[in-house]
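S.K.: Residue numbers (the numbering used here), protein chains in the order written: chain A, 1 to 364; chain B, 1 to 319; chain C, 1 to 316.
Mixed in with the good hints there might be a few duds.
[Stated by the list, open to error] Pairwise CB distance ranges (calculated):
no.	chain 1	residue 1	chain 2	residue 2	range
1	A	R267	B	I105	51 to 61 Å
2	A	Y182	C	R116	55 to 65 Å
3	B	Q212	A	V30	34 to 44 Å
4	C	D176	A	V85	45 to 55 Å
[Claimed, not checked] A partial selection of chain C residues facing chain B, derived with a Cβ cut-off under 7 Å:
no.	residue
5	A73
6	R75
7	W78
8	M84
9	F86
10	S92
11	L93
12	N94
13	V96
14	D105
15	Q140
Because the hints were derived from the structure by calculation, they are not lab data. Here the structure is a predicted model, which means the values were calculated and not measured. Every residue gets a Cβ at the ideal spot worked out from N, C-alpha and C, and that includes glycine.
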Amino acid sequence: MVASELEVVRSTEVVTAAPVRTGSRAAGLVRGGLLLAAGIAVIYIGLVPMGHVTGIIKVPVVLAGIALTYMGVDGLAKAWWGPQVETAFWVSVFWLVALILAAIFADFLPLGEAVDTTKTITIPGNTPPDLFSAHPLGTNNFSLDLLARSIYAARVSLLTAGLAVVLSMLIGVPIGMYAGYYRGRLDRIVSVFNDSFLAFPALIVLIALASVLGVPTSVPEAIIKEGVALALIGIPTMIRLARANTLVFAQREFVVASRAMGARDRRILSREILPNVLLPLVSLALIIIAVLIVAEGSLAFLGLGLQPPQPSWGNMIAEGTITVVQDYPFIPLVPGVFMFLTVFSFNRIGERARQRWDPRQAKI
Amino acid sequence: MIRRTVLSRILLVIPVLFLVSLGTFFLVSLIPGSPEAEVLGPNASAQDYARVREELGFNEPVLQRYFHWLGNTLHGDLGNNLVPPIQRVSTMLLRALPINLELAILALLMAFLIAIPAAMWSAYRPGGRFDRLVSASTFGVISVPSFLAGLLLILLFAVTWPIFPLGQWARPTEEGWITNLHHAFLPALTLALAEAAVFTRLLRSDMMSTLQEDYILAARAKGMPTRHILFREALRPSSFSLITLAGISVGRLIGGTIIVEQVFTLPGLGSVVVTAAQKHDYRVVQGAVLLIALIYVLVNLFVDVGYAYLDPRIRRGRV
Amino acid sequence: MSAAFPTPRGLLQAVDSVSFELAAGECIGIVGESGSGKSVLVRTIMGLLPATAEVGGRVDFDGRDLATLTARARRRLWGARIAMVFQDPMTSLNPVRRIGVQLTDPLRVHADLSHRQARQRALELLALVGIPEPARRIDQYPHELSGGMRQRVMIAIAVSCQPELLIADEPTTALDVTVQRQILDLLQQLQQDLGMAMILITHDLGVVAGRTRRVLVMYAGRVVEEAATPELFSRPHHPYSTGLLASIPRLEAASGTRLEPIPGRPPDMVSLPASCRFAARCRYVQDRCRAEDPPLVEIDAGDHRCACFYPVGILA
Chain A
1 MVASELEVVR
11 STEVVTAAPV
21 RTGSRAAGLV
31 RGGLLLAAGI
41 AVIYIGLVPM
51 GHVTGIIKVP
61 VVLAGIALTY
71 MGVDGLAKAW
81 WGPQVETAFW
91 VSVFWLVALI
101 LAAIFADFLP
111 LGEAVDTTKT
121 ITIPGNTPPD
131 LFSAHPLGTN
141 NFSLDLLARS
151 IYAARVSLLT
161 AGLAVVLSML
171 IGVPIGMYAG
181 YYRGRLDRIV
191 SVFNDSFLAF
201 PALIVLIALA
211 SVLGVPTSVP
221 EAIIKEGVAL
231 ALIGIPTMIR
241 LARANTLVFA
251 QREFVVASRA
261 MGARDRRILS
271 REILPNVLLP
281 LVSLALIIIA
291 VLIVAEGSLA
301 FLGLGLQPPQ
311 PSWGNMIAEG
321 TITVVQDYPF
331 IPLVPGVFMF
341 LTVFSFNRIG
351 ERARQRWDPR
361 QAKI
Chain B
1 MIRRTVLSRI
11 LLVIPVLFLV
21 SLGTFFLVSL
31 IPGSPEAEVL
41 GPNASAQDYA
51 RVREELGFNE
61 PVLQRYFHWL
71 GNTLHGDLGN
81 NLVPPIQRVS
91 TMLLRALPIN
101 LELAILALLM
111 AFLIAIPAAM
121 WSAYRPGGRF
131 DRLVSASTFG
141 VISVPSFLAG
151 LLLILLFAVT
161 WPIFPLGQWA
171 RPTEEGWITN
181 LHHAFLPALT
191 LALAEAAVFT
201 RLLRSDMMST
211 LQEDYILAAR
221 AKGMPTRHIL
231 FREALRPSSF
241 SLITLAGISV
251 GRLIGGTIIV
261 EQVFTLPGLG
271 SVVVTAAQKH
281 DYRVVQGAVL
291 LIALIYVLVN
301 LFVDVGYAYL
311 DPRIRRGRV
Chain C
1 MSAAFPTPRG
11 LLQAVDSVSF
21 ELAAGECIGI
31 VGESGSGKSV
41 LVRTIMGLLP
51 ATAEVGGRVD
61 FDGRDLATLT
71 ARARRRLWGA
81 RIAMVFQDPM
91 TSLNPVRRIG
101 VQLTDPLRVH
111 ADLSHRQARQ
121 RALELLALVG
131 IPEPARRIDQ
141 YPHELSGGMR
151 QRVMIAIAVS
161 CQPELLIADE
171 PTTALDVTVQ
181 RQILDLLQQL
191 QQDLGMAMIL
201 ITHDLGVVAG
211 RTRRVLVMYA
221 GRVVEEAATP
231 ELFSRPHHPY
241 STGLLASIPR
251 LEAASGTRLE
261 PIPGRPPDMV
271 SLPASCRFAA
281 RCRYVQDRCR
291 AEDPPLVEID
301 AGDHRCACFY
311 PVGILA
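In isolation and in its complexed conformation, chain A is listed as follows (with noise of 0.2 Å):
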């Protein structure tokens, strides 16, 4: 065997973590700014008719123009307040407060006629999007303009995701709260019937459901019935997590000291664990709306739901047809950048409040 020698030798200077130089910071608000104003120009080249860019290219040109614009932000945003900055969750709420805003007030814009087509019938039809005009993100096949029936859309979105939200943890939490407290019997019969819900292809039981309670005729009737459609599909989902949940906080010292003092289930359920199983679910029922969102889009882009010239993004979604598709791409990718932008926003902002309340025991 070789002879070897370790030799370990006194050290030199230990090097500490040099803090950020000031002059960097200068460097990325101007590299920020820079990105910005090239996102901004790419997407008035993709928005804005200009001749030699026409019809498909221009929507990678718009695509491109988005990233860029949100990598500028995000640079300027890092730059200014430092890299722990986290831009899409911002982003995110300014979208949704904005596209909020826009819902309830919608009837007071300047928008265009988003459902009537005979005020529509001297506006040219499929005209693409042009920044500047009256009709900013286009118009459809019946000279219906685009942003205004986006904005209109949202409002059904929202409000029976809202909806079947609410209604679904009304009904589930309770029930997935006594299964997961009183355990035994109650929770094994609890169990099974909730196991076989979700063995449903949840799309079909929608579908089925859509049928039974019959095509809407107006806008709040079918906020009213997607909105219980859709709740009595999350109710399962929110009975498991009310359960894991429960299950979890129900052996923590605090629960067993309440009742070693007497105090009452129903005391218990209420003032101690209640408000632990809320606060997970809250972050996971912001996620629920995302998906709940794009179920009622999947209905009304199959025709199940909310019927045209009323707008829901499925269906705006669904006018553009193979044959559409190919000649004007922004008639369904309007709607579908909003739709995008609001699941996203969902899911951001709910990731965001899962990290901070969602305790990482609960078991699904």
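Starting from the known structure of chain A, fit chains B and C onto it as the hints suggest.
M.R.: Same frame as chain A, now just chains B and C:
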């Protein structure tokens, strides 16, 4: 120990299937409209309607109808469908099933192919460029509904650059495997993207915690190369949740492809069920839903057993 | 050598200016309580620290500085020329892989053996470390073996490619007392038979007695005393060393003798004082100790070093 758990799982399958079929039956019976009108059209006489109604057995109470159907099914006879063209339900289902199966398998394979390398490298270099890119992408993909994704894919790869056909299905028995895969690629990819995003996130997080374990450090101290550490040491302990999720995914992929079928005009199980439901063809709906539920439950059973194989500690009954 | 970790509270100086030499075939012990930096030290030597750690100094191994090697070059050394035995064999062995493959891993990678040759060698190694029925055990999973056997497997893995240096990081801490001695005997035997240099790390002075030629005592990231083993036991000079020795229960002592612990706790490694690091707990502390940090100097001719202004047993 393992045998007992497997047995109890198998026993649980039966009540679940029972409940599923019962529930579907009731649901379909609630759909407004009349089957006899579908069969005869709108211009038949009242007597003809009554006669057909009697023939189809719709004058019986729902429960009785259900037990009739159940009896037949347990003998392997799913009956014929109600609305012409009259065929055996099993034939209809068997014609549609291979499409869903193929799509599900392809989608799952694609999802694994995308998710495993992405998750592994992200977990190996957390916070790095690749990781941040992957995180952002998965998040974005999860937020895109399947019909939108399908539409975008068609837009990009069938319209702008016509690499793939616009839709429809080509059966391998009729037009050969190449054409079949050509047609199946985009729909499978649409399905795969959503699954891959979820898989990647899950695997990444599991892998990151596995890579913190002592035995990974010990393996590194043995001088093992990175590829070995990732694939042979870390992957298996990290894949438990992934396998469970994949099982649920298969169930979802078999039964939940209706949107993709619509976008790409594929005659799969979803389309069959929807058309039948609209026509009150309850036998078809029953048969299809039962089939889907059966596959879903079997796959989950398979997954539970596979779980036990992957973790030898469970195999021996130790926790 | 030095090693520091950035933490949210600041830079944690885990190892500060530690320096020693080890000759081929020599066995030394490093003794210290939890948090003294001994584990970090050996990982620094090997180069196993996470990328965020800040490392300074040189590690001379057979003429090459380990600190400057690329990751790939280091990987070639690990397992082949420098090997490590970890503290907890339950968590250091992959629970979902059989011990046979974990044993043949380094053989196939470093020694380039075929599958069959490696398996044969693995069986031999299992016998070498004293595992009965190696042919049956080789295909078992870690949870099927007892703690002592698992540690033997880890040792087998470590010596499989006949390394020149074996680092044993608290190899017996997780084991029953009865098994501890067997493992230590095994290590000592292998070290002599294979002519390896060995670094034995422990918090238990009893482990190094009679098995090592020299001992380094570490406290708060520094070496506070260094001497030949018998010398340390008979004539300790640093108050910490004397405290450690005094706190060991002895058979010869009368029953009812009180054990003498060292009061206090180790300092906060993120915000270290400018004084002697042991000053807060030292029973002989003087003003100078609270103001300055004593350097490691030679006392008592004959290779005995101590970092104290007022070493025990030495008149000023």
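S.K.: Tell me, in ascending order, the numbers of any earlier hints that this structure violates.
M.R.: Hints 5 and 15 contradicted; others consistent.
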